[in-house]
Structure formats: structure tokens, C-alpha cells
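Number of protein chains: 2
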Amino acid sequence: MPEQTTWFYEKTPFDRGTSLGVKIVRKIVEKRSAFQTIEMYDTVDLGRMLVLDGVIQLTEFDEFSYHEMFVHVPMNSHPSPKSVLVVGGGDGGMVRELVKYPGLERIDMCEIDGDVIELSKEHLPFTSSGLSDPRVTLYVEDGAVFIENHKREYDLILIDSSDPIGPAEVLYKRAFYEGVKGALKEGGAALCQCETIFFFLPLIKNFISAVRDLFPRLQYMNTLVPTYPSGMIGQMVCSLGPDFSSPVHVLPEDVAKGLRYYSPNVHRAAFHLPAFAEREMGL
Amino acid sequence: MPEQTTWFYEKTPFDRGTSLGVKIVRKIVEKRSAFQTIEMYDTVDLGRMLVLDGVIQLTEFDEFSYHEMFVHVPMNSHPSPKSVLVVGGGDGGMVRELVKYPGLERIDMCEIDGDVIELSKEHLPFTSSGLSDPRVTLYVEDGAVFIENHKREYDLILIDSSDPIGPAEVLYKRAFYEGVKGALKEGGAALCQCETIFFFLPLIKNFISAVRDLFPRLQYMNTLVPTYPSGMIGQMVCSLGPDFSSPVHVLPEDVAKGLRYYSPNVHRAAFHLPAFAEREMGL
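Residue numbers (the working numbering), protein chains in the order written: chain A, 35 to 317; chain B, 35 to 317.
Worth flagging that the hints you see were computed from the coordinates, not collected in a lab.
It is possible that part of the hints are untrue.
No copy is singled out in the list; a pair is fine if it fits within one copy or between any two copies.
Stated by the list, open to error - Result set (DSSO-like, lysine-lysine): computed pairs, CA atoms no more than 27 angstroms apart in a straight line:
{"id": "1", "residue 1": "Lys239", "residue 2": "Lys291"}
{"id": "2", "residue 1": "Lys57", "residue 2": "Lys239"}
{"id": "3", "residue 1": "Lys45", "residue 2": "Lys57"}
{"id": "4", "residue 1": "Lys45", "residue 2": "Lys61"}
{"id": "5", "residue 1": "Lys215", "residue 2": "Lys116"}
Note that this is a predicted model, so its numbers are computed, not measured.
Extracted from the complex, chain A is given alone in its bound form:
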């Protein structure tokens, strides 16, 4: 006798009148950490799914888009990246992509919620696989405090945060980006998860206003992620100088063949936004 279908319906913090439903097999984790409610599900068609405070963070089906673009775009645009800090990213997907580069010497990850890391190691092997690389150091700390103690140490800072409600709220404030700027080496850049152009353009514009005078160059790229609200998500590149909108390195062949989203052409295309978004952002 077939089981009755169970649906998970996302509750997004910024309601734009839509909600994604995902057909699930079962919930495998529900834990209230010190910071948030962590849930993991097995879904019918999208593999395993991580949910924080009711919001889908990733599914096994489409997390590759987000993590590949967040890592391979900056790694192929920065002239010589040696040291990278990931803020957030407890599932490990960012680190999994970073460890593909033999030239990287130091990968620090600062995640405030140790439970996300531990549960990801246990239940999300497809993202957490890179965390055991010897170049990786995990810090279970508040990213905003961490960066204040690491001046001019990183070529890239990748801010893989949840939405600006809840534990990640501080990661969207000007004060945090003053610290981020201070933690970057000359010619470095920070990238942050920066919402979606169709639903949350006003939030993106607020962010631009908050940090515009801190960074000589702001660049926004769009990535297709079907299980995020509106089917996409953007990253803002806050650069101390270099242009991140096209690659300056030849992607090593053994990296390229493992990629499912990123390519040099996709890299360049991601920075060309629909006319309304380009006009409104005025970057």
C-alpha cells in the first residue's frame, strides 16, 4: 500500500506570496541548537535537504550550482588566491569546492553553529567531504568577532550565510563589512550571499548603500538554484580592486571535468543581469 505523500512547505522570512513545496520521504533530523532549528529531510526527488528555521538551505539535487559559483568565480578571477576564509558554510559545500585547488594554502571556516557542522558531517557527506582536508581549520565562533582578530590575512572571504533574519542578521550590516575589509589582503574580495533580484531587490539596494563606500568595486552575479525562492540566488562581490566578472586563469582540466555548473562562459554570463536589476542596482 503506497504511503500518503507528505509535503514540506517552506516558510520564507520575507514573504513574497509564494512558497515552495517539496515532496518528502521522512524527516531524519530535528534539533534546536543554540541558534536555530536544524532539520534534515530525505526528499522523494531532490535527495537530502537541509532546512534552518524553516528555510531551505540546500538540497542534494541542486547545491552544486550555489557552491561552484561561490568558489570558482572568485578563485578564477583573483590573481593569486592563497588564503580563504569561509564565514558560515557549516554544511561544508564551500570547502569541498575550495580544496580542489592545490595552490590554496590556507582555508579557514568560521561557523557560529557547531551543530550544523556536526550534523552535516553525519548526514550530508556530499557537502561535508572536504572538511577533513589538512589545509582546513574550523572555528566555531561568531564570524563578526573572528574577523576583527584577523587583520589583512585573507585573499578571499566567502560569506555563506543564511538570510538577514536570525543568526545571520549581523552579517548584512555595515559594521561587519568594515571588519571584512580589514581582514582582506590588498587586492582581495569578499563575496556574500545576496538574495534574489526578482523578489528582494530592495534588500540588495539597501546592502549596496551600506557598503558602497567601503569597496571600490561592487559586482553582482546571479546563479540558478531551483529550490531557492524564485529559483535563483545572487552573490555580491565586494572587491578591493580586481574585476571579478571574468576569469583570468585557465581552469585546470581535472577541476573542470568535475564541475556541473561552472564554466568560464557561465562565469562571464552570470554578471549580466536582467535589465530591471541592472538599472535598479546602478553598479
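Position chain B against the provided structure of chain A, taking the given hints into account.
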């Protein structure tokens, strides 16, 4: 006292374990036509919405993406488009974009379901506004029969159909594309709604196999449409020769300023697909 929130949940014909929910104010139309069930809703955040057989066809919020790309990409890549046929497209959105070009002499639209046209004229003025242009002729007929009687008449044929289940099924068959090819003038092209790369790549590959030897050039472009499954939709360009992946005309300024999605850069970027899709399609 606030009304209780009502949600519309889409039933997609090809179930990939997700379903978009849209918060609605009220249903304004429900009609069983000779071909399908037509519904229209007022939504809370996305304006008016057209639904055919349970599947979202457009919302006032994001239909511009789809219609602008479907029209302005071919209009700016074909060397000299004078006559265009729209198959389907009863809501009028395609024609609204086409009539912006003074150089177009003939715009035929062949929609099988006259009820869609009439209800769109009544309830969807934002898409149906162009249907009264003197260059437009509406045919309420079966597109597959229509094209057999119009040999070598069109520079562009734009197939704005619903999914390949229901009344549009015939519009995805090889036999139909043999007719389409015959209805095109030399150097012309047909574009068709061609599903989404994340969810329905096997369908796209089937389509490629079915029509590959009919057209010397097949090119696939991706467009962001938040209310379609996975937040995007693709169009296949079936070209008798010209390359449609970049514009060859300068977009007239008065056309450009009214556009919310299309730009020459977006045109070029739309043909650069995520690595997995490019590899699998092998175009």
C-alpha cells in the same frame, strides 16, 4: 478581521517532487473550454495569474521575462524580419512585444483555443494590449494544420505553447517541425518553449533528437521566470542558418527603454548554459 490566506498549489504534469504555492486573493475565472480548463486568479503579490489545466502559464509579476526574451532575441538576431507567426500565445504577450518593431509588416497568431484569447482580452490587459494592432491577424485554428497551408511565408515562427501534455502535445512532434520548416522563409528560424534544464533535460534531449536533422542549427537559451517550475524556462532556436546567440541590430532606444529583462548583454548570456546542460545537450 483578516481573511484566511488561500494558497494555489500548482499541479505540474511532469512531477519532479516540487510544487509552487501562490497566495491568492480570489479566483476570477474558471471555464472548461473545448480544449482545457482555464483559470484566472488575483494573487496577493504577483498580480493576475493565468492557469491552464492546473499549470501556471503566466503571472503579471514575471511574464515580461518570458515574452521579452522570446521576441527580442530572434528579432535582434534575424537579419531582416518582416513576417512572424506566433503559434499559441493566446494571452497576447508575444504580440505585445512584436508590435514594438515598426519594421514588422505581418504578425499572424494561430491559437487553437479562442476562449483563451477572449478571456485574456477581458482580464489580462497587460498582455493582450497588442492584439488590436492593424498588422495582427488572429486565427483560431490548430497550429499543426495552419502551417501546412502557409509555405515559406514567415521569417520567424514563435511557438508559445503549453507543456507537451494536453492540447500542445502535437507541437513537440517531428511531424509538426517538418511543417514548421516548410513554413519558414530562407534563413528563418522557429523558437519553441522548451522546458527547463534542471528538471526536464531528458525531454529536451528527446526534442533535440526528433528535430536535429531538420535544422542546420539548434541553439538553446535560458530565461529566468520565478513562477515556472525551477524558476526558469528555456527556448530552443531551430534555425535554417543564422546564429541567434548574439544580436546583429542596434536595439532602437524607444524599444530598449521599455524593456525590463532583455538587453544585448542578456541576449548573449542566455545561451551560456550551466556545464551539465551544455554537456548533455551536445549542441
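Out of the numbered hints, which ones does the structure contradict?
none
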